[in-house]
Amino acid sequence: MQNKESNFNLANSRLRLVSGTTNPKLAEEIASYLGIENVPLISKRFADGELYVQIQQSIRGCDVFLIQPTSAPVNDSLMELMIMVDACKRASARQITAVIPYFGYARADRKTAGRESITAKLTANLLEKSGVDRVLAMDLHSAQIQGYFDIPCDHIYGSPVLIDYLESLNLEEVVVVSPDVGGVARARAFAKLMNDAPLAIIDKRRSAHNIAESLTVIGEVKGKTAILIDDMIDTGGTICSGAHLLKKEGANRIFACASHAVFSPPSYERLSTKDLFEQVIVTNSIPVIVKDYFPQLKVLSVANMLGEAIWRIHEESSVSSMFR
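With the sequence shown counted from 1, adding 37 to any position gets you the working numbering.
I should point out that these hints are in silico values taken from the structure, not numbers from a laboratory. Among the hints, erroneous ones may be present.
Okay, the calculated beta carbon distance ranges per label pair [unchecked claim]: (1) Met359 / Lys81: 19 to 27 Å; (2) Lys81 / Lys285: 48 to 56 Å; (3) Met359 / Ser80: 41 to 49 Å; (4) Thr149 / Pro110: 31 to 39 Å; (5) Ser338 / Val111: 18 to 26 Å; (6) Thr149 / Gln93: 39 to 47 Å; (7) Glu209 / Ser80: 43 to 51 Å; (8) Val327 / Asp113: 52 to 60 Å.
With a Cα cut of at most 27 Å, we get these calculated BS3-like pairs of lysine-lysine [stated by the list, open to error]: (9) Lys311 / Lys62; (10) Lys241 / Lys285; (11) Lys81 / Lys166; (12) Lys158 / Lys148; (13) Lys166 / Lys229; (14) Lys285 / Lys259; (15) Lys285 / Lys335; (16) Lys148 / Lys126; (17) Lys284 / Lys259; (18) Lys148 / Lys166; (19) Lys335 / Lys311; (20) Lys241 / Lys259; (21) Lys81 / Lys259; (22) Lys335 / Lys229; (23) Lys126 / Lys241; (24) Lys148 / Lys241; (25) Lys62 / Lys126.
Just so it is clear, CB atoms sit at the ideal spot from N, CA and C, and this is done for glycine as well.
Please model the entire structure based on the sequences and the hints provided.
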């Protein structure tokens, strides 16, 4: 995808980008793709911890896209986004779209025990009540989160960016591996996009309470290049235990792929283990801080893809056709 300046002049457009403080570098890259500047924003914290936000130029009658992943610090990122929405609404923006490359609380998408909150649904409700007209999200933890919104929610996927990079490596004897049973649908779709590569599944079983989980591989991985695919890497426990098993089962090379680099401790120590992964490939939906970099890490940009989706929403054209 090339810079939009090459085929469209946005100088008189009503499209405006506003970045929160969670991932300003991604917002700058999106603005560069579209050939425009981000609207200046003041965001600061008072002594008591309260957040203050002010949009620094007129957005009256504009189609405003607020770029803010709700990643760590999750609650601050979410609250800042909602305050930005309220500020835009009170500044008479025509339409407000929350661009959420990573949707925090997405794993709390259902009740797994009594007296729990479905926090993903609550988060959707809060965003709607703050005044958002539309949401653009990437690689939601579960697809049903789209249905938690009563406003339009466009769901896009980081897989084309990951696959383009993998194909540039000219890998041979590829097998796509789901690190758990819950990720099979995601892995199957990924394998199909990789020229119908074979699929393997890591199955976790616990025979009884207080008995350690046993891992088994369903599918052939011996002598293959294994690509472990997940939507996010948090502490790295699931994907690293899967990689150790694949190595034990004779996989020749192991790559880990995920859209969201949550990277909570002790992910660095796990992922940087010598001779475990050839590469750990993620996107910049969440900013990866310098201390979390390790030799095997490869961070790919989703800015052009998000910029294209923003452009299509602004022009009222199809977003889903980007992924056909």
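Comparing the hints with the structure gives:
Met359 and Lys81 have their C-beta atoms about 36 Å apart, which leaves the hinted 19 to 27 Å range violated. Separated by about 52 Å at the C-beta atoms, Lys81 and Lys285 satisfy the suggested range of 48 to 56 Å. Taken as a hint, the range 41 to 49 Å is violated for the pair Met359 and Ser80, whose Cβ atoms sit roughly 31 Å apart. Checked against the hint of 31 to 39 Å, the C-beta distance between Thr149 and Pro110 comes to roughly 25 Å, which is inconsistent with it.
The hinted window of 18 to 26 Å between Ser338 and Val111 holds, with their beta carbons roughly 23 Å apart. Hint check: Thr149 to Gln93, Cβ distance near 44 Å, so the stated range 39 to 47 Å holds. Range check, Glu209 to Ser80: Cβ separation about 48 Å, and the 43 to 51 Å hint holds. At about 20 Å, the beta-carbon gap between Val327 and Asp113 misses the expected band of 52 to 60 Å.
The hinted pair formed by Lys311 and Lys62 fails the criterion: a straight-line CA distance of about 30 Å is larger than 27 Å. Proposed proximity of Lys241 and Lys285 is supported: the alpha carbons are some 16 Å apart, at most 27 Å. Restraint check for Lys81 and Lys166: satisfied, since their Cα atoms lie roughly 23 Å apart, inside the 27 Å limit. Distance hint between Lys158 and Lys148 is fulfilled; the C-alpha atoms sit about 11 Å from each other, no more than 27 Å.
Between the alpha carbons of Lys166 and Lys229 the distance comes to roughly 39 Å, so the proposed pair goes past 27 Å and is violated. Our distance criterion of 27 Å between C-alpha atoms is met by Lys285 and Lys259, whose separation comes to about 9 Å. For the hint pairing Lys285 with Lys335, the CA-to-CA distance comes to about 24 Å; that is within 27 Å, so the pair holds. Annotation: proposed proximity of Lys148 to Lys126 is violated, straight-line Cα distance about 33 Å (limit 27 Å).
Distance check on the hinted pair: Lys284 and Lys259 sit about 9 Å apart at the alpha-carbon level, within 27 Å; holds. A hinted pair counts as satisfied when its Cα atoms are at most 27 Å apart, and Lys148 with Lys166 qualifies at roughly 23 Å. Simply put, Lys335 and Lys311 have alpha-carbon atoms about 16 Å apart, close enough for the 27 Å limit, and the pair holds. For the given pair, Lys241 sits about 19 Å from Lys259 by alpha-carbon distance, which is consistent with the 27 Å threshold.
Of the supplied pair hints, the one linking Lys81 and Lys259 is violated, its CA atoms being roughly 54 Å apart against a limit of 27 Å. Using a Cα cut-off of 27 Å, the hinted pair Lys335 and Lys229 holds, with the two alpha carbons roughly 23 Å apart. The straight-line distance between the Cα atoms of Lys126 and Lys241 is roughly 48 Å, outside the 27 Å bound, and the hint therefore fails. For the hint linking Lys148 to Lys241, the alpha-carbon distance of about 21 Å falls within 27 Å, and the restraint holds.
For a cut-off of 27 Å, the pair hint linking Lys62 to Lys126 stands: about 25 Å separates their Cα positions.
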